[in-house]
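On the provided structure of chain R, position chain B as indicated by the hints.
There are 2 protein chains.
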Amino acid sequence: MIHKALKRIAILISAALTMGNLMAQELKTLTLDDLLPGGETYRFAENIYGLQWWGDVLVKPEIDRMVTVDLKNGKETELLTIEQVSALLKKNNLDANVPTLQNVQLLWPGKTQMLIRTRTGFYVLDWKSESVVAKQEMPRGATNADFSKEGYNIAYTIKNNLFVNGKQLTDEPEGIVVGQSVHRNEFGINKGTFWSPKGNLLAFYRMDESMVTEYPLVDIDARIAELTPIRYPMAGMTSHKVTVGVYEVKSGKTIYLDAGDPTDRYFTNISWAPDEKSIWLVELNRDQNHAKLCQYDAQTGKLMGVFYEEEHPKYVEPENPIVFLPWDQNKFIYQSERDGFNHLYLMDTQTSVYPEKHSIGSSTYKESFKTIQLTKGNWLVQDILGFNESKKEIIYASTEVSPLQTNIYKVNVKTGVKTTLNDNEGVHRAQVSASGSYLFDSYATPSIARKIDVYDTTGKGLAKAINLLTAEDPLKDFALPQIEMGTIKAADGVTDLYYRIIKPINFDANKKYPAVTYVYGGPHAQNISASIRYGARAWELYMASKGYVMFCLDNRGSENRGLVFEQATFRHLGVEETKDQRKGAEFLMNLPYVDKTRMGVHGWSFGGHMTTSMMLRLNDVYQVGVAGGPVIDWQWYEVMYGERYMDTPQTNPEGYAETNLRSLASNLKGHLLMVHGYQDGTCVPQHTLGFIKACVDAKVQPDLFLYPGHQHGVSGKDAVHLYEKMTQYFEDNL
Amino acid sequence: MIHKALKRIAILISAALTMGNLMAQELKTLTLDDLLPGGETYRFAENIYGLQWWGDVLVKPEIDRMVTVDLKNGKETELLTIEQVSALLKKNNLDANVPTLQNVQLLWPGKTQMLIRTRTGFYVLDWKSESVVAKQEMPRGATNADFSKEGYNIAYTIKNNLFVNGKQLTDEPEGIVVGQSVHRNEFGINKGTFWSPKGNLLAFYRMDESMVTEYPLVDIDARIAELTPIRYPMAGMTSHKVTVGVYEVKSGKTIYLDAGDPTDRYFTNISWAPDEKSIWLVELNRDQNHAKLCQYDAQTGKLMGVFYEEEHPKYVEPENPIVFLPWDQNKFIYQSERDGFNHLYLMDTQTSVYPEKHSIGSSTYKESFKTIQLTKGNWLVQDILGFNESKKEIIYASTEVSPLQTNIYKVNVKTGVKTTLNDNEGVHRAQVSASGSYLFDSYATPSIARKIDVYDTTGKGLAKAINLLTAEDPLKDFALPQIEMGTIKAADGVTDLYYRIIKPINFDANKKYPAVTYVYGGPHAQNISASIRYGARAWELYMASKGYVMFCLDNRGSENRGLVFEQATFRHLGVEETKDQRKGAEFLMNLPYVDKTRMGVHGWSFGGHMTTSMMLRLNDVYQVGVAGGPVIDWQWYEVMYGERYMDTPQTNPEGYAETNLRSLASNLKGHLLMVHGYQDGTCVPQHTLGFIKACVDAKVQPDLFLYPGHQHGVSGKDAVHLYEKMTQYFEDNL
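Residue numbers (numbering that gives the first Met the number 0), protein chains in the order written: chain R, 0 to 733; chain B, 0 to 733.
Note that these hints are calculated values from the structure, not bench results.
Here the structure is a predicted model, which means the values were calculated and not measured.
Any given hint could turn out to be false.
If several chains are the same, the list does not tell them apart, and a pair holds so long as it fits within one copy or across any two.
Below 25 Å or equal to it, Euclidean Cα-Cα: the simulated DSS-like pairs (lysine-lysine) are [stated by the list, open to error]:
id : residue 1 : residue 2
1  : K716      : K698
2  : K724      : K391
3  : K134      : K110
4  : K158      : K71
5  : K582      : K488
6  : K89       : K450
7  : K578      : K595
8  : K249      : K89
9  : K417      : K698
10 : K134      : K89
11 : K365      : K27
12 : K698      : K27
13 : K668      : K716
14 : K330      : K276
15 : K276      : K301
16 : K330      : K74
For reference, chain R alone in the conformation it holds in the complex (with noise of 0.2 Å):
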């Protein structure tokens, strides 16, 4: 059901591009280079760099100077210039070159301290006694830099060994690597050091992939062809393993966390007790299907209880560390997709209850803490945004107004009260100032491409105080073509799903048009929102300029929409999905401006897997599919995504069979380019020069690009010469 807000506003932005369109004749047309970052005449929306809190006062940094904001009327007072922060650079004699004060950081509320991050260093500096607070350089070649502002100190790695402060803490061999994020970046893990809330501690993970096999990558761009191998399990085969540890700055040393043989579990979401005595992390095992909640002594790493427990048959993904609350540090939230949908539960350390097994549709759960859900409903929590310690707060964002926005809440630990913060439009992103009185959000609706707000968030309901930043549309001086969005029935008959169609510039109704379809279709990712122009990409823009009606449907196994909708697809992704998208195809094809015979699809990394399904299982439907990067045999891809979603070749050699694309390659009818990153190490080459082999095999005839020195996917000025490739592509063959 689409609520009815998106479908006012669906109505006004059709209205507005027809206004637009009248005036056709004096906008300019679409380009390549007009529409993708790494074109040259590509611009980005009008945004505010560096915008920060401190304490509950608003700075806006610009390139030459840092104001403060008055909340009540918005009048700016300088604060600081870039002349003033040279002159201490330079009375310091601190060789930094500071260029913008846009990337300055301002510390400590009520403090004139400001962090200055450059290449080869952090700095702190107090522009009132113009003097150094701290100073930590780090050599060439570190990466992953971690300020801690606790302590002063630095963490950083130099190729896969740790380092903090200068000090070298490990001597690994390759094939270990110590502080960087690990298990592929899945379980909402991004990096690779913790440090402790006062800063005197530093967590870290240590991953052990010696044993696991090298991808074999080749990098053609240097004078003799050169391996750069890459440590890639596959589904079913040996993985890494993963340990913890902790370093006191102090003592210089380090411990490790006391978790046992490793082999086949995965440690996710780390965060510190408050008091920096213990270590939070969930545990999973291989299967993904059990969580545990474990809480380990930072000092002598051994395990001090397993307080939370949850399983699923299909799986269970924890991806959020747990919170404390800021006023009772006894007390944290807990993130579960338990009842259907990631929602905040309140466990109270001071509890004890027998971790009973209880049940909630598939899942099964065991507590040993007093636990409260603080929010409820067909919608889920997206992020913990901060809290307003006087009032008791939590301000959060959520989709409860529709799973294609994005809204802030605040919901009261004590009374259970919850109030929504801002309009019921758009996609919300906000940061919450000190105390949790303010908040600034940067949002966007399906007509406007950035807002910047900032609330008081301490009256009751919405309490707008001033408007920072209201973007132009960028692509204002350009013709754009309509858009619209809808929902249609699942091919399982009920379930909602929402599309985006976007009609061709200068639309005559009498007309049939081509039609080619965008899909991504994977878990984790969601096309059609309430953000600028209903989330279309650019490049449908660009093919709705060249006359092509363009749709996108986000069908079951995509974000958002809760875990029974996500979960449709396990152990045999791909195919419930494309059984979707051909509802979504007979639904295009009864539009009366749509050319049946000419449809066409195109996607990219789990999308391109979805192209190449829809080209071999819907054959009848499409004509020209172009497939970038894609998963093409499940068995190639890697573990911890992998696994999540389709367990191994072993435990599901039927589902491994059924979606391996390769032997679907003699049902190829039409026109499927095949595009590739040579140096994709997420979705390795071997998925894409598989599937040409399979095809030659098969006496068909797809055809290929691969772009050297790219990754998973084309970026930067080389977007452009994809997207030309991809579509003149469409112009020749559809």
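Relative to chain R, chain B alone:
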């Protein structure tokens, strides 16, 4: 200038094919499956497999029997049956399976010994005494088998080591290869073991390539893509080091020739002295401009002398081991291009002359023996076929009639009188009987697929005895195009170049047809010959059946035209060749039936280089090209071939820069499909992938296809896929 005989044949062919066209309704249309050896309906031209001389007795094996052929009347007499052979094997408890007698070789004139080679070994059986004369078995994995009938010894290799009669001679680590061909099969080298004339000693190559950088080929057909690296010395880079060993069977001892430091030296054209006491070889410097004929003591390995030296400011290319006269062990024949064409020189080891430096053309040479030039003229000797000991004649093949032909001649060593032995038509290959009195000659002409005649060489001039086979055209049931040949002037305005033109099937002189050039253009290859259909390739016939004019021109640099013609391209390969091809294009575009706006080009390997060159340098001429396995940048090609023609990147930077097609990528205007075997170890995939990257950088749009599992060419059943892809590319774009 075209030889008159060829002109006459050209007219006959045209007439025959015109008649063919009149009957076109009854004739079948060509398919790729009919035309390509990997195709399901391909038929080879009829042949007599295993035909051989048994002394002066002609023996014709069939599947189930072997007959002798009376040379006077052609009458066949049964010699052996397969039942006899099977009974013989059984009687002697040999577990060998002999499904056909076509692979059986009779070893010694007058003796009833036959050699049977199976997968597991070599067996010499006497069918009269019904006994086993010799049995040499090989373990699994043995390859490069070399059997000496003189000593009944066998040499073979397993992996990188050499074995003789079951004994392992060497135990070298990976990176050192023994008993196999070296120097990447250049300089006429095609094997690594050389039995002495009496079978007592084995000379062999040992190649240390441990210092050569590995090129990372990748096999994507494995569970996880696997590295399958090859040692590939690229132009200007560190190359391998070759030495020559000598193994004595009796003593079991091995010595190595004491040739000094092998760095940057080539050891080629190994031959044994008839008395087995010494080994002769030609040594060449890395710059390939100075060849030395050296004799080494086979017992001590010491250098006995350097007896001939030849230099050329561009290069010398010795490709033929010396051959001793059967009737005089002190005289041998050396082949040299020093006067501009490959000719026979008789050297007398019993003489000694002061090695003065002589020059002829650009060549200089020093002879230590008295030398007589046996053949001379603006044509070249292609092969020594045999000797007539009693008459002191050498029987050889040459291009004397025409550069497009190979004909058989004899020259009397004493009198110098030269006699032609067959009709002045076609391309002949002959095997000479033991006495040299007879030969059988398998040949093709533009209108004959294969004919096998037996000649008496002793009469004056032509002495045809019997016709053993006249194969019918395997394409006789198909509608075939008109094929013509002729000459045009090269870009130098002087040199005649041969072309072949094929008109579309059902040609209509009033129509305009698209024209596609097939090109190779590199050294050591000639595309237009007096063989069946003037050497037209299967795909040319197919394209003619699709309505294309097909054209081919042997530009300067190609085979069989002598040294000046070949060396016109020195140090800037592809440049002069492309200028010549422009002349070809101009000729073609002036034909009334050619649509000059629809010109295409295709070639593989050097022809892939030429195709790319023509698409970039002649982008005003060609709209569509398909370049297969191309050289793109000569710095990525190997040392032996590449440096002969290009010198090194260090000594010829301007030549390498001029011929690097990556730097011309921005010239691309038309449709260019790059195709490469992904396992290509001859012209590594870096060429095509590097060109693709250059095109992306230059913002131009080539197309790409790779054949995983295929090397420097796509053979077997997949050839049909390749030619279908190529044909479709021209059909879609030209």
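Hints the structure fails to honour:
Going through the list in order, the structure violates hints 2, 4, 6, 8, 9, 11, 16 and respects the others.
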